[in-house]
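K.L.:
Protein sequences appear in the order of chains A and B. Going by numbering that gives the first Met the number 0, the first sequence opens with residue 0, and the numbers climb by one from there. Going by numbering that gives the first Met the number 0, the second sequence opens with residue 0, and the numbers climb by one from there.
I should point out that these hints are in silico values taken from the structure, not numbers from a laboratory. Hints may contain errors.
Claimed, not checked - With a Cα cut of at most 35 Å, we get these calculated DSBU-like pairs of lysine-lysine:
| hint | chain 1 | residue 1 | chain 2 | residue 2 |
| --- | --- | --- | --- | --- |
| 1 | B | K211 | A | K65 |
| 2 | B | K256 | A | K267 |
| 3 | A | K154 | B | K211 |
| 4 | B | K105 | A | K61 |
| 5 | A | K258 | A | K134 |
| 6 | B | K32 | A | K2 |
| 7 | B | K226 | A | K46 |
| 8 | B | K179 | A | K330 |
| 9 | B | K257 | A | K285 |
| 10 | A | K46 | B | K32 |
| 11 | A | K156 | B | K211 |
| 12 | B | K256 | A | K332 |
| 13 | A | K56 | B | K206 |
| 14 | A | K69 | B | K211 |
| 15 | B | K226 | A | K65 |
| 16 | A | K393 | B | K257 |
| 17 | B | K254 | A | K330 |
| 18 | A | K61 | B | K206 |
| 19 | B | K254 | A | K286 |
| 20 | B | K259 | A | K387 |
| 21 | A | K65 | B | K206 |
| 22 | A | K42 | A | K61 |
| 23 | B | K226 | A | K99 |
| 24 | A | K56 | B | K226 |
| 25 | B | K206 | A | K46 |
| 26 | B | K257 | A | K332 |
| 27 | A | K330 | B | K226 |
| 28 | B | K179 | A | K332 |
| 29 | B | K32 | A | K56 |
| 30 | A | K99 | A | K42 |
| 31 | A | K265 | B | K179 |
| 32 | B | K254 | A | K332 |
| 33 | A | K330 | B | K257 |
| 34 | B | K211 | A | K61 |
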Amino acid sequence: MVKIIINQNKAANPEELVELCPFSAIEYLEGQLQINAACKMCKICVKSGPAGVFELKEETVKAIDKAQWKGIAVYVEHRSGEIHPVTYELIGKAKEMAGKINHPVYCVFLGHDIKGKAYKILEYGVDNVFVYDNKELEHFRIEPYTAVIEDFINKVKPSVVLVGGTTTGRSLAPRAAARFRTGLTADCTVLDIQENTDMDQIRPAFGGNIMAHIFTPNHRPQFATVRYKIFSAPEITGEAKGKVILCAIEKSRLDSRIKVLDIREKEKVEAIEDAEVIVVAGRAFKKQEDLQMVHQLADLLGARVAATRPVIEAGWADARKQIGLSGRTVKPKLIITCGVSGSVQFAAGMNNSECIIAINNDPHAPIFNVAHYGIVGDVYEIIPELIKDIREYKNRG
Amino acid sequence: MEVLVCIKQVPGTTEVKLDEETGVLIRDGVESKMNPYDLYAVETALKIKESTGAKVNVISMGPPQAVEIIKEAFMMGADGGALLTDRKFAGADVLATSYTLSQGVKKLGSPDLIICGKMTTDGDTAQVGPELAEFLGIPHASNVLRIDNIRESSITVECDMGDAVEVMEVQYPCLISVDKGIFQPRLPSFRLKLATKDQDIPCIGLKDLEDKNECNYGLNGSPTQVKRVFPPQANTRHETWEGTGCELAGRIFDKLKKLKFV
Numbered sequence: 000m001v002k003i004i005i006n007q008n009k010a011a012n013p014e015e016l017v018e019l020c021p022f023s024a025i026e027y028l029e030g031q032l033q034i035n036a037a038c039k040m041c042k043i044c045v046k047s048g049p050a051g052v053f054e055l056k057e058e059t060v061k062a063i064d065k066a067q068w069k070g071i072a073v074y075v076e077h078r079s080g081e082i083h084p085v086t087y088e089l090i091g092k093a094k095e096m097a098g099k100i101n102h103p104v105y106c107v108f109l110g111h112d113i114k115g116k117a118y119k120i121l122e123y124g125v126d127n128v129f130v131y132d133n134k135e136l137e138h139f140r141i142e143p144y145t146a147v148i149e150d151f152i153n154k155v156k157p158s159v160v161l162v163g164g165t166t167t168g169r170s171l172a173p174r175a176a177a178r179f180r181t182g183l184t185a186d187c188t189v190l191d192i193q194e195n196t197d198m199d200q201i202r203p204a205f206g207g208n209i210m211a212h213i214f215t216p217n218h219r220p221q222f223a224t225v226r227y228k229i230f231s232a233p234e235i236t237g238e239a240k241g242k243v244i245l246c247a248i249e250k251s252r253l254d255s256r257i258k259v260l261d262i263r264e265k266e267k268v269e270a271i272e273d274a275e276v277i278v279v280a281g282r283a284f285k286k287q288e289d290l291q292m293v294h295q296l297a298d299l300l301g302a303r304v305a306a307t308r309p310v311i312e313a314g315w316a317d318a319r320k321q322i323g324l325s326g327r328t329v330k331p332k333l334i335i336t337c338g339v340s341g342s343v344q345f346a347a348g349m350n351n352s353e354c355i356i357a358i359n360n361d362p363h364a365p366i367f368n369v370a371h372y373g374i375v376g377d378v379y380e381i382i383p384e385l386i387k388d389i390r391e392y393k394n395r396g
Numbered sequence: 000m001e002v003l004v005c006i007k008q009v010p011g012t013t014e015v016k017l018d019e020e021t022g023v024l025i026r027d028g029v030e031s032k033m034n035p036y037d038l039y040a041v042e043t044a045l046k047i048k049e050s051t052g053a054k055v056n057v058i059s060m061g062p063p064q065a066v067e068i069i070k071e072a073f074m075m076g077a078d079g080g081a082l083l084t085d086r087k088f089a090g091a092d093v094l095a096t097s098y099t100l101s102q103g104v105k106k107l108g109s110p111d112l113i114i115c116g117k118m119t120t121d122g123d124t125a126q127v128g129p130e131l132a133e134f135l136g137i138p139h140a141s142n143v144l145r146i147d148n149i150r151e152s153s154i155t156v157e158c159d160m161g162d163a164v165e166v167m168e169v170q171y172p173c174l175i176s177v178d179k180g181i182f183q184p185r186l187p188s189f190r191l192k193l194a195t196k197d198q199d200i201p202c203i204g205l206k207d208l209e210d211k212n213e214c215n216y217g218l219n220g221s222p223t224q225v226k227r228v229f230p231p232q233a234n235t236r237h238e239t240w241e242g243t244g245c246e247l248a249g250r251i252f253d254k255l256k257k258l259k260f261v
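Chain B on its own, in the form it takes in the complex (with noise of 0.2 Å):
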């Protein structure tokens, strides 16, 4: 059983400044780290690889310096993985990153079972997962909680839908996004560093893939376009109090009492 895990690398704080003038991001000497939602797929797949003895490979999507998660992964116990990395990816929304990752899923392989993290933390879309299996026309299930069975051909799951627990079970091939606390995530081993630091991460370029069309790619492959972006607006109407605990306190409690909430 071959079993696929997509991570991303996403920004080590959410603390994004807006260049007043340009209006463009200034994220300038942020570290960079596994998207954490990321965390809860890769170890669900090496669950799944201790007990049914699965090969687990991770690919990713970005600049060149995203290597580094794909090492992460390796230090967690993935066996393999490779990179989508070119200047044409660049500018990418969610189609054109759920296409580029396809048409890297189809170059590393055909996976059985392709496991996402619910969600990045830097898009906050919950998106990609869902595009990925349309575009590999396989089906999909979110919001993943539990897994109850891993069988030769399908797994069981229970998805969380809002008020009610879905339990499905889905042939593969498949998609999966877990929610966090599925399992615990492993810290990355020592061991596992020493014995991979010299393994080998293809990255993979346009050129690589089925489809070269430039136009199905980045900026020129995304049907949403961003035409500005811009601080969020502060309320108008408000006031600060400031004082001792006791005095705010007390003001809270008038303007309680005022608005008839107490």
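Next comes chain A alone, as it looks inside the complex (with noise of 0.2 Å):
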């Protein structure tokens, strides 16, 4: 239990103490300072305040006992029974995590008609795969899904469970976390473990420029999930020492107020994910005729054309296409971003790409930041340029 505690006697100028708190939650209301609903707990009062008049009071909670909670555990995503690469770049950090405490990585693997493709999952090193291989478990549907995965905690009390930043499971993972009352940490970027086996989550914060170190320390299982192209696939080993673990959960757990009725594939789109180079549209381009030049040097350079968020929000790209931490994540051998000032929320999308070139006229953007070649200058006068420089090169021969 964490409160802070005002002593009003201490206080010699009590109104000017309102102005101390950044979200305004300070008030001095009848004689008396007040701290109201907006207070983020950010304890600065307690720490730029004048001394006594702000304290902070904690009382110890009963501690866990976290050698009870053993593994960690990678949900494996799928479509009937094709794995989505996520689950073996969390697979990799798993086992990364897993040597540092000495811990064994776990699968778990939910769907139908699904076992013989758990043995491949065992050439990434992985020690057991947990196969549910159900009938009811073909279509994800929420409840079903969420026992299993409830069944599953139970019965291996994992210490982590990773899951893809991917529709269904951002769908999943909230809710499991709730079921087990633990805490869940959305998008992480970085993820390390302590000797403690509490678990460093490292994600962009506050919609803001600003990351934050999160971490778990008095619940398990520890949740997190990752999007896709975060981190590494491990290379395959080659031979699976690891074992397959059939369950069996009782039927009436498998119980669900949802039907699927119809499943429609979506028209395919290239996936930015999957483009050796990509060329980024920023909103310094004024009309959605001004993207054709982005759309000309992609060509050019054998690149798929991605955009930042508001340029997808002014309707001129396909939702697919959006590079960021509400988008898609990329890692490509080259990016070159056109005119994108660069948010933490589009870094966190692209800053391991291998080379980015950025094109801004501000100086001050902060995609200078991340970039390995930053060009102060305006789109309009270097990419047309740009384009007759390589068409010249190319004609050439």
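Put the two chains together into one complex, using the hints given.
P.N.:
Take a look at the structure:
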């Protein structure tokens, strides 16, 4: 239990103390200092206020026994047995963390007619794959899927559960975390583990240009979701030493109040995640026709075109082309950003790219902090010239 | 039929600065607004109201100033609203927020359908909807792109599942989180503004909830804790080029050639 207590008698100038709080949570009403619901527990009033006025009172809570929870588990994301590559990326990170604390790596794999596919996962060096193969699990429906994760956690008691930040993962992970009343950190960009098995989780926060280091000190399991292409998939080890364990669950626990009526494939859009070279259009472009130059440049480089959130919201590009925390994460060999200012949200979706060339006319734009080559200039002047240079070079053969 | 929409007040901008010395966020003078994704949720509820005569309420959690976004929802056409506000709710993470909301929902009644926006622009996690559904013990469907059918006991929705669209029928009571673009949100109406300006907005505090144990709320009820916040790391090996458009284009071209991209 943590609370902030106000010692009214120690406040010499209480009216002035209202200014201390960046969230306007301190009020001075009827001769009393008060803290209202805007308080974020940032403790700035305790640190920066006059001594003794704002006091932090902590009572220790009963600590859980972390040794009861062992293993790092990865949720296997798949469609009809076809495993999503984010799963392998998470296995890679799970192995790395498990190695530090000498824990096993588990996978939990649920669906229908998937048994045969489980052996492939072992080749990545997983210790155990727990398979739930039931007709009721054919389509993703939230209640039966959560019930299976609950069953798995109760049986295996993993310390950590990693889930891909896909549409299903972002639906399933919070549901399961809430069932165990434990913590979940979404869209982590860095994960590490302490000797006491507390996981360090880093993600961009507050929608702004800030990273937060989050941990779950007294709850297990620790849930985290990670987007596709944030981590690297491990090499296939060749020999599968682990075991596939078939698990049974009572049918009554797989009931659902959801009926899947139809599944329609979406028309295929060339996924930007798989591109080796990407050219990104940002908000420096004044009208949709002007994006033509970005497409021309991309064609010349054999690249795919992506965009930032403002461009997507203007309706100038398909939402599946969006790079950033609320879009896709990419890790190409080369990325050229054109007129992109580079918010943390955007940078989180591309800063692992091998070579980043950024063109922007504002020398203070944050994109220049992530770019390897920062070009201060106007996209309307540079890109047409660049297209001309490449064309001439190609024509010369 | 009763529809409840969850809405949140967020900073008007994502430009947040960090005090280098104290490591605390500076948000002074930043305007607040309704989370843009919630406008789609409110609009979806109002469309359902128009076609079925459902009653639409909104609920929010936040500081006392958050009544402003409830008033905005009234101006769009919501029938009623309440604000969960208490100092004891401060510092809540996803779990504590969802739990507090679930207690607030129970306090208000038992809606047939709860609608949330896809995510908030300040948290960006998209987790509160599913966790709220879990605490209420009801099914949920995320990323709803379209509503196909509204029946007496169920709703049929189309959900974005990445490569595919899943059409599913979900029985009430249930929760859906809607994607932007499901409907174009209407603008607040001046007529409704006048009509609702004196409408009561009840404030719900910890003492009004069924579970009054303060360990379950705010920072105390939050399993995750922020160890520290810090500015993102800059890429260490970077060069900056300046010059005329023509020169810069030439230098980029040479670099691309050297790296074998042309």
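K.L.:
Check each numbered hint from earlier against the structure, then list the numbers of those it violates in ascending order.
P.N.:
none
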